[in-house]
Amino acid sequence: MRRLLAIALVALAFPAAASAHATLESTTPHFGREVQKTPGQIRLHFDQQVKILPGAIKVLNGVGHNFAGASQAEGTDVVASVRPLKLGAYTVRWQAISADSHVVSGVWTFGVRVPAPSVNDAYGAGGPTHTEHLVRWLWFLGIALTIGALGLRLIVLRGLEVPRELDRKIAVAAGLGAVIALQSGIAAFSLRAEDALQLPFGKFLYGDLSPMAATRFGTAFVTMTLGFALVLALVYLAWLLDRVTLLVPAFALSLLFAGGLSVSGHDAVDPGSSWKTELADWVHISAASLWIGALATMAGLLWFGAPQLRREAFQRFSRMATVLIVLVLSAGIYLSIVRLPHLHDLWTQGYGQVLLVKIGLVCVALAWGAFHHFVVLPALDRADTGFLTRIGRSLIGESLVGIAVLLVAAILVDSRPPAKPIGNSNTSTLTGGSAATLGP
Amino acid sequence: MLPHAEMVHWAFAAGILLVGLCLLCEAVVGEEVWHMRPWRKYLWPGLAFGLGVLLWPVMAFFTNSSIHMYAHGSWAEVLMLAGGAELGLVHGRLRSPLWRLTWPLAFVVTGTAFIVHEQNPWFFARSAFLHHLLGWTFVVAAIFPLLLVWRPRSAVLQACFALTIVTVSVMLFSDRDVAPIFGHLSPLAGAPHR
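If you read the sequences in order, they're chains X and R. Just so you know, we're using our numbering here: the first sequence kicks off at 1 and counts up by one. Just so you know, we're using our numbering here: the second sequence kicks off at 1 and counts up by one.
The set of hints was computed from the structure by calculation and includes no laboratory data. If you're wondering where the values come from, they're calculated on a predicted model, not measured in any experiment. Virtual Cβ for every residue (Gly too), placed ideally from N, Cα, C. Take the hints with a grain of salt, since some may be wrong.
Label-pair ranges, simulated between beta-carbon atoms [unchecked claim]:
1) X:Leu329 to R:Arg95: 44 to 50 Å
2) X:Phe371 to R:Arg40: 54 to 60 Å
3) R:Arg40 to X:Ala379: 55 to 61 Å
4) X:Val364 to R:Arg95: 43 to 49 Å
5) R:Trp39 to X:Ile155: 50 to 56 Å
6) X:Gln315 to R:Cys25: 50 to 56 Å
7) R:Arg37 to X:Phe371: 57 to 63 Å
8) X:His45 to R:Trp136: 33 to 39 Å
9) R:His35 to X:Val172: 37 to 43 Å
Take a look, some chain X residues computed to stay more than 10 Å from chain R by CB distance [said to hold, decoys possible]:
10) Pro39
11) Pro200
12) Leu246
From the structure, some residues in chain X lie toward chain R, with a derived Cβ separation under 7 Å [as the list claims (entries may be wrong)]:
13) Gly207
14) Asp208
15) Ser210
16) Ala213
17) Val222
18) Ala233
19) Gly360
20) Val364
21) Leu366
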């Protein structure tokens with residue numbers, strides 16, 4: 001029986017898709033490819049026969065001129081001729097009727113003697129909206145809650161007698177964070193894809209998202225979804241089996257996959273970026289998530305749920321927060337220097353202005369934290385119940401400032417830093433004169 | 001390099017069949033006998049939870065249409081929720097039998113996702129027919145786990161619940177035109193597709 005079960009589980013480890021709709025299997029030119037001369041034709045290869053619609057394929061330049069000729073179906077392919085193309089970036093938009101009568105649609109980009117821009121910067125895409133900022137903020141919050149709750153349990157409360165009820169609450173908080181991260185990840189990916197595809201909702205449901213999945217944002221979405229699904233399962237099993245050790249891999253995974261947010265942001269693709277900036281961004285996000293998440297969990301769950309642990313937890317958190325703040329500030333200052341070529345960019349550029357707001361909020365949080373560290377901590381031993389209750393409220397206040405910092409960070413990740421004055425610029429323009437994101 | 005669409009149906013059909021057979025065994029021999037070996041009580045809830053976790057890669061990797069992504073995501077979530085709740089109950093970490101309401105919820109959500117994501121008429125093709133059948137089977141059969149919340153010892157309800165799961169797995173095994181059994185039935189239904 002056990003052997004049978006093992007074989008069945010191995011068989012289940014190889015999932016695949018379930019789709020009755022036509023699936024685009026390959027294109028010529030390929031997604032995101034730089035070609036040296038005008039491709040004679042655009043060819044879409046599907047996994048089954050499709051019917052073509054008028055204007056099935058459009059090849060659009062940066063101002064929306066269409067260079068594609070009439071389309072025709074050839075077996076499982078759809079082909080359109082292309083008029084000569086000048087140097088530049090191009091967007092291909094296509095649609096076809098699949099065998100099950102659904103209209104399937106998609107978009108991808110290529111470049112003629114210039115690197116192809118990201119599909120998120122395809123012609124017609126408007127860029128991140130307020131809704132996307134909000135969703136990304138929720139993504140940050142979910143990640144911070146997971147990392148913070150797990151960090152509180154594994155680092156701050158390490159070796160202490162933790163009441164079972166508090167353990168349960170911490171597991172619920174970590175699991176809730178993972179669920180929020182999963183849901184907001186799906187929402188963020190959908191919003192980004194909707195912007196690139198430029199389709200009404202009915203058609204968007206059958207839109208091909210594969211080119212989006214191939215972008216950095218798509219890769220981050222896929223890896224973070226898998227990572228946080230695993231984190232959710234581990235947190236649940238840790239609570240179910242009463243094994244705190246299972247939280248260790250969950251904590252490590254959530255810290256590791258928090259880096260997906262930096263991989264998906266502008267920092268990873270803008271001129272001047274390197275492995276150092278990616279590492280710094282990961283340190284910045286992970287340390288900030290742990291700091292804010294652990295603070296919020298301690299204020300919301302521990303302070304009023306386990307009063308006997310307040311003093312010890314506060315002292316330990318204070319030590320951990322000092323290290324985390326050093327990491328957040330070091331990485332943040334380094335990234336600001338790399339991203340802002342001139343000091344005046346801070347108040348003249350949109351990116352700099354958002355950064356200034358973030359710095360202001362961080363200063364408030366730091367001042368509040370310093371008050372806790374230098375004033376409250378020494379007074380903790382002789383504190384009465386009333387004082388401790390007020391401290392709990394103060395911790396909640398500091399947490400709210402931290403949550404506001406995450407909102408500004410979400411806007412910042414979606415914003416584009418000012419271009420660096422470099423000699424050999426490889427940027428290509430597709431949308432409204434803004435530099436297009438490069439790279440796969 | 002992704003495997004073909006039918007493979008996922010067969011892989012998950014195999015997993016669901018195992019869940020159904022375990023449930024059927026438990027219904028036939030009774031809970032006391034089934035739980036004589038401690039690991040057996042975790043078998044089908046653990047399988048259901050594991051299938052839910054394994055549905056996440058399907059959701060994340062297969063992005064050929066938005067609606068499939070949402071359908072796979074909703075199945076992953078409800079299967080993890082219902083399997084997790086059952087694990088909690090058999091392990092004793094959860095006490096309230098109302099947690100078993102997650103199963104009718106999972107059935108209704110799964111059925112709705114099947115019906116919504118297949119927008120062709122019933123007789124368009126075998127795949128469309130079976131997707132409708134799967135959807136409505138889940139929605140209608142949600143009555144069995146719902147009644148089990150209040151009549152947990154009813155052998156008839158347990159057997160109906162188990163047989164529903166087994167039936168669903170058989171449908172999943174055969175709902176593709178390229179299946180080796182019940183292959184493409186008629187050219188009148190158009191070209192075979194996945």
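Hints, verified against the model:
At about 47 Å, the CB distance of Leu329 of chain X to Arg95 of chain R agrees with the hint of 44 to 50 Å. For Phe371 of chain X and Arg40 of chain R, the hinted distance range of 54 to 60 Å is satisfied, since their beta carbons lie about 57 Å from each other. Against the hinted window of 55 to 61 Å, the Cβ-Cβ separation of Arg40 of chain R and Ala379 of chain X comes to about 57 Å, which satisfies the hint. At about 44 Å, the CB distance of Val364 of chain X to Arg95 of chain R agrees with the hint of 43 to 49 Å.
Trp39 of chain R and Ile155 of chain X have their C-beta atoms about 34 Å apart, which leaves the hinted 50 to 56 Å range violated. At roughly 54 Å, the beta carbons of Gln315 of chain X and Cys25 of chain R sit within the given window of 50 to 56 Å. In this structure the hint that Arg37 of chain R and Phe371 of chain X lie 57 to 63 Å apart at CB holds, the actual value being about 58 Å. Taking the beta carbon of each, His45 of chain X and Trp136 of chain R are about 36 Å apart, inside 33 to 39 Å as hinted.
Hint check: His35 of chain R to Val172 of chain X, Cβ distance near 28 Å, so the stated range 37 to 43 Å is violated. At roughly 24 Å from the closest C-beta of chain R, the C-beta of Pro39 of chain X stays outside 10 Å, upholding its exclusion from the interface. Distance check on Pro200 of chain X: its Cβ is at least 12 Å (rounded) from any Cβ of chain R, clearing the 10 Å threshold; non-interface status holds. With a least beta-carbon separation of about 14 Å from chain R, Leu246 of chain X lies farther than 10 Å from that chain, consistent with its non-interface assignment.
Hint status for Gly207 of chain X: holds, given a least beta-carbon distance of 6 Å to chain R, under 7 Å. Nearest Cβ of chain R to the Cβ of Asp208 of chain X: about 6 Å, under the 7 Å cut. The hint holds. Restraint check, Ser210 of chain X versus chain R: the minimum CB separation of about 6 Å is within 7 Å; hint holds. At about 4 Å, the closest approach between the beta carbon of Ala213 of chain X and any beta carbon in chain R falls short of 7 Å, and the interface hint on this residue holds.
Given the 7 Å rule on beta carbons, the hint for Val222 of chain X holds: about 4 Å separates it from the nearest Cβ of chain R. The beta carbon of Ala233 of chain X comes within 5 Å of a beta carbon in chain R, closer than 7 Å, and the hint placing it at the interface holds. The criterion of a C-beta within 7 Å of any C-beta in chain R is not met by Gly360 of chain X, whose closest approach is roughly 37 Å, and the hint is violated. Annotation: interface hint on Val364 of chain X violated; nearest CB of chain R at approximately 37 Å, more than 7 Å.
Because the smallest distance between the Cβ of Leu366 of chain X and any Cβ of chain R comes to about 37 Å, over 7 Å, the interface hint for this residue is violated.
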